[in-house]
Amino acid sequence: MQISVKDISKTFLMDGSTVKVIDNVSLTLERGVFASVVGTSGCGKSTLLQLLAGYYPPDSGRIVSEGNICLLPQDDLLLPWRNVIDNSAIAAEIRGSDVAAARKRAFDLLPLFGLEGFGNSLPSQLSGGMRQRAALLRTYIAAGDFWLLDEPFGKLDALTREAMQHWLKQVWQTLGVGVLFVTHDIEEAVLLSQRVFVMSPRPGRIINVLDVAADINDIERLELKKQIKSLL
Amino acid sequence: MRNIIYPTIGILILLLIWQLLAAAIGMAWLLPPPSSVVVSLIDNAPLLAHHSLYTVAEALIGLLAATVLACLIAVVMSLIPLVRKICYPLLLISQMIPIIVLAPLFLIWFGYGMLPKILVVVLICFFPIAINMIVGLSAADEQMLLFYRSLGASRGQLLRLIRLPLALPYFFSGLRIAAAYSIMGAVIGEWLGAQSGLGLLLTRAQRAFDLPLVLAAIIVIILLSCLLFAIIKIFEKKFSPAS
Numbered sequence: 001m002q003i004s005v006k007d008i009s010k011t012f013l014m015d016g017s018t019v020k021v022i023d024n025v026s027l028t029l030e031r032g033v034f035a036s037v038v039g040t041s042g043c044g045k046s047t048l049l050q051l052l053a054g055y056y057p058p059d060s061g062r063i064v065s066e067g068n069i070c071l072l073p074q075d076d077l078l079l080p081w082r083n084v085i086d087n088s089a090i091a092a093e094i095r096g097s098d099v100a101a102a103r104k105r106a107f108d109l110l111p112l113f114g115l116e117g118f119g120n121s122l123p124s125q126l127s128g129g130m131r132q133r134a135a136l137l138r139t140y141i142a143a144g145d146f147w148l149l150d151e152p153f154g155k156l157d158a159l160t161r162e163a164m165q166h167w168l169k170q171v172w173q174t175l176g177v178g179v180l181f182v183t184h185d186i187e188e189a190v191l192l193s194q195r196v197f198v199m200s201p202r203p204g205r206i207i208n209v210l211d212v213a214a215d216i217n218d219i220e221r222l223e224l225k226k227q228i229k230s231l232l
Numbered sequence: 001m002r003n004i005i006y007p008t009i010g011i012l013i014l015l016l017i018w019q020l021l022a023a024a025i026g027m028a029w030l031l032p033p034p035s036s037v038v039v040s041l042i043d044n045a046p047l048l049a050h051h052s053l054y055t056v057a058e059a060l061i062g063l064l065a066a067t068v069l070a071c072l073i074a075v076v077m078s079l080i081p082l083v084r085k086i087c088y089p090l091l092l093i094s095q096m097i098p099i100i101v102l103a104p105l106f107l108i109w110f111g112y113g114m115l116p117k118i119l120v121v122v123l124i125c126f127f128p129i130a131i132n133m134i135v136g137l138s139a140a141d142e143q144m145l146l147f148y149r150s151l152g153a154s155r156g157q158l159l160r161l162i163r164l165p166l167a168l169p170y171f172f173s174g175l176r177i178a179a180a181y182s183i184m185g186a187v188i189g190e191w192l193g194a195q196s197g198l199g200l201l202l203t204r205a206q207r208a209f210d211l212p213l214v215l216a217a218i219i220v221i222i223l224l225s226c227l228l229f230a231i232i233k234i235f236e237k238k239f240s241p242a243s
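If you read the protein sequences in the order shown, they are chains V and L.
The numbering used here puts the first residue of the first sequence at 1, with every later residue one more than the last.
The numbering used here puts the first residue of the second sequence at 1, with every later residue one more than the last.
Errors might be hidden in some of the hints.
[Said to hold, decoys possible] Some chain V residues close to chain L (C-beta under 10 Å, calculated; not the full set):
id : residue
1  : Q50
2  : G54
3  : Y55
4  : Y56
5  : D59
6  : I69
7  : C70
8  : P80
9  : R82
10 : I90
11 : A91
12 : I94
13 : R95
14 : A142
15 : A143
16 : G144
Hint data in this document are derived by calculation from the structure and do not stem from the laboratory.
Using N, Cα and C, we set each Cβ at its ideal position, and we do this for glycine too.
Here chain L stands alone, though its shape is the one from the complex (with noise of 0.2 Å):
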């Protein structure tokens, strides 16, 4: 209960002075006031569903194909020196294009559809999974696997025996940071171009000047980060009790 009430008095704090820096300021359609987002987060709340669903939907799928695609190449890498040391710096530079640049021609490539943006989440979220992937499979201490090797396990079962499990910690603390990230990630690129999704509405109300949906989106934008977190949390503590 305690690790509930301290956050809970932090952000209270932060809407206080968000209202009262809203009254005194005076003029609502720049600096709307909390209240007013809360009146249009519950009108609008149909459309943000709505758009909700849209990136939701390409976040998941992005984060389960960086998932996958993370871990293949982690144990793959961590199998064979050679792999590692091709594709280690290839993973680094994959980090340093800036996704914003990267997006539109995401856009020019693969349309308007669901797929650029699958693209962009996986392109954030392959990164921090496939990192700690490497470096959980690496922990396993010389003398460890020299004993289990000596029982006659091979380089397979040794894997899935060993240095799976001690990975297991290391992948779900990388899982946590890109589900956190997945949803900004399908909103960058929704922001860019597309059909549906909480992107486009932050677009189309920013143009339209109407800032307490432009926040109410982003408040909704948090919550689903929030939840996504939440539920890899749920996962870790069924699946990797050691940690």
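One chain only, chain V, in its complex shape (with noise of 0.2 Å):
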């Protein structure tokens, strides 16, 4: 099962003038691999993940999924008002599918999250760490192939976002969804994933494809930072 992107682009009206943000891309994403995606701000990789989510069609070129894909948006965007179990089961009660199930699945899931005992609790009483959990858990419930994260841990303090590195990998190891991860760090990209796409600036091309091997050590794990380093 994967995630097919071939030749996309897309340009976006900004002031006036038309700027082209996204420029044949190509790649793809098999279930169960981990990748991500490396540029500089302003590169286009959110605008590539959103382009994958279904948020507006490409100008041109295909993207073919085998599989449900679902976004984590860098803001988390749960719903003040809902708990996180009914924040978790939304897609279901949109997509008119077996909601109760849903909140079930949500609910057995909670340990697996680091939620335990907060199913009921509003986003608000959570921490960042745990907002960005429960709405990683929404994803899940949503889509249980592919998930596409918008640099889901820019926002915490560097503690938190060590510790929610380790059990992002942990998850993704015990659910193996495909990862689409963003993000301009490049220590977090090479931590995680098994491949790194290296983004141009804009406007967005894939220049760079590298695999991180399973048993890496820390001194190739340097040299492959440095390459990623020099390729931006």
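If you follow the hints, you should be able to join the two separate chains into one complex; please do so.
As structure tokens, then:
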């Protein structure tokens, strides 16, 4: 099962002039693979994810997905008047599928998402890290195949961030989903991913694809980070 | 408790100044002291209650009609941009017409019954609710709507699941203002010609130079408005806990 993206481009109208944000991007992502997209701010990383999530269609090119996709936006966009379970089950409600089953699934997954005992809590009662995990639970209930994560840890403090990175890796291994993780943090990308897509500044192109070996050692990791840095 | 103490102090100071002023002037028929207003309030209680009943009925029916109308129009305006562009100026214009001028017209068109008073209430209460609802319905940011649309939400679902709940606190702040105005609206309507109601009682008492009764009626109007305001506040606490 995979997502394949072929030659997609996207141009936006900004202040009366057209700006090409995504230029001929192609990539494939298999289910079970953790891949990152690294690039400088404003290079079109978020737009790429939004195109994959179906926010808007690409001007040209094709996106074919064999599974469900859900985006985790930069802001968690949890609905403040709904508790964690109700927020998680919202996709089922929208699609008219079995809401009770979705709520039950969300409830059963609370421990894995570090939210045990917080099913009835409102987002305002949760810490930043917990909100992000609740939003990821909503993502998983909405789509069990592919996650598109848009700088999910960008707003967290360094300590929480590190804990969340380890937690995410563990959850990914447990659930076996395909992850496309957007970040401007090379360190984070190399730490988490099996594959790194390096994106050029605007208009965004994929300028290199690097594989991260599972048994990578510290020296190799340092070399890889240097290599990515030189590309950006 | 503390938020009751300070307003009470303010009211007591006002009453004290009033009492002293009335005593200094010494002409009770011109400026009756608070004590004689209280006496009038007690003496005329059945009369005031009888007329209040009509005024409250008009205010409540008008407020309810205004609420339904304002919400409907706000929803339609926020769903269809063309309707919004056409209706927005009309909405503003409706607020620029002095009600006091319009009310006699209603009297000519609809007679001396309750209908013209209800219409005045609707006209006064409609605007704050509609404007707040329109602002509230556009409170959802673009990213939020795009995200939930990507989950498959239709326009109707976006409205029901996201935009309406987000608009709820705005709705209630509009409704609170409207409720506070509604009694006044009914009184204005009655003032210009009625068979019953506090407005009619006020005009009669004024012509009879019964100033204690005039002031007693005004106090009843204030109390009824406060009561309505408080009831809305309770509703708000119950249905809009997020605000």
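Results for each hint:
no., hint, result
1, Q50, "holds, 7 Å"
2, G54, "holds, 5 Å"
3, Y55, "holds, 5 Å"
4, Y56, "holds, 8 Å"
5, D59, "violated, 17 Å"
6, I69, "holds, 9 Å"
7, C70, "holds, 7 Å"
8, P80, "holds, 6 Å"
9, R82, "holds, 9 Å"
10, I90, "holds, 7 Å"
11, A91, "holds, 5 Å"
12, I94, "holds, 5 Å"
13, R95, "holds, 5 Å"
14, A142, "holds, 6 Å"
15, A143, "holds, 9 Å"
16, G144, "violated, 14 Å"
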